[in-house]
Amino acid sequence: GSDLASLATKAEENGDHWLINGQKVWTSGADISQWCGALVRTDSSVKKRDGISFLMLEMDQPGVETRPIKLIAGASPFCETFFNDARAEKDDLLGALNDGWSVGKRLLQYER
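Okay, so the sequence shown: first residue is 2 according to the working numbering, each after it adds one.
It is possible that some hints are incorrect.
Each pair of labels, with its calculated beta carbon distance range [what the hints assert, rightly or not]: (1) ASP44 <-> GLY75: 15 to 25 Å; (2) PRO69 <-> SER46: 29 to 39 Å; (3) PRO69 <-> GLU14: 30 to 40 Å.
Once the Cα atoms are required to be at most 35 Å apart in a straight line, the calculated DSBU-like pairs of lysine-lysine come out as [what the hints assert, rightly or not]: (4) LYS106 <-> LYS49; (5) LYS25 <-> LYS48; (6) LYS11 <-> LYS49; (7) LYS106 <-> LYS48; (8) LYS25 <-> LYS106; (9) LYS91 <-> LYS11; (10) LYS25 <-> LYS91.
These are calculated hints, taken from the structure and not from any lab test. Glycine included, each C-beta is placed from N, C-alpha and C at the ideal position.
With the hints as constraints, model all of the structure from the sequences given.
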């Protein structure tokens with residue numbers, strides 16, 4: 002498995018929005034999605050599970066790039082996604098700030 006709590010994608014508050022920088026791998030359907038839910042590091046001064054938040058962000062914006070990952074069978078259902086000063090509105094925070102680990106666990110409980 003992967004150590005999801007060690008994620009390095011960061012979000013920093015910038016006035017009325019968040020700026021997101023980093024990358025995600027194995028993002029399902031990112032190249033055709035309008036929105037993306039992302040666990041991001043919002044506080045690196047606390048234990049790694051305590052400094053994660055869950056943000057929604059629009060995919061069709063400057064600063065978001067997707068690259069399909071071609072599988073051996075030829076399909077590309079997954080992408081590598083890059084965030085370079087991508088923007089998410091303050092209202093696009095799901096759950097409490099730095100409590101994204103709880104949100105992520107709920108969303109992934111049926112996947113693992």
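Hints versus structure:
{"no.": "1", "hint": "ASP44 <-> GLY75: 15 to 25 Å", "verdict": "41 Å, violated"}
{"no.": "2", "hint": "PRO69 <-> SER46: 29 to 39 Å", "verdict": "36 Å, holds"}
{"no.": "3", "hint": "PRO69 <-> GLU14: 30 to 40 Å", "verdict": "32 Å, holds"}
{"no.": "4", "hint": "LYS106 <-> LYS49", "verdict": "14 Å, holds"}
{"no.": "5", "hint": "LYS25 <-> LYS48", "verdict": "21 Å, holds"}
{"no.": "6", "hint": "LYS11 <-> LYS49", "verdict": "12 Å, holds"}
{"no.": "7", "hint": "LYS106 <-> LYS48", "verdict": "16 Å, holds"}
{"no.": "8", "hint": "LYS25 <-> LYS106", "verdict": "17 Å, holds"}
{"no.": "9", "hint": "LYS91 <-> LYS11", "verdict": "15 Å, holds"}
{"no.": "10", "hint": "LYS25 <-> LYS91", "verdict": "21 Å, holds"}
Checked against the numbered hints above, the structure breaks only hint 1 and satisfies the rest.
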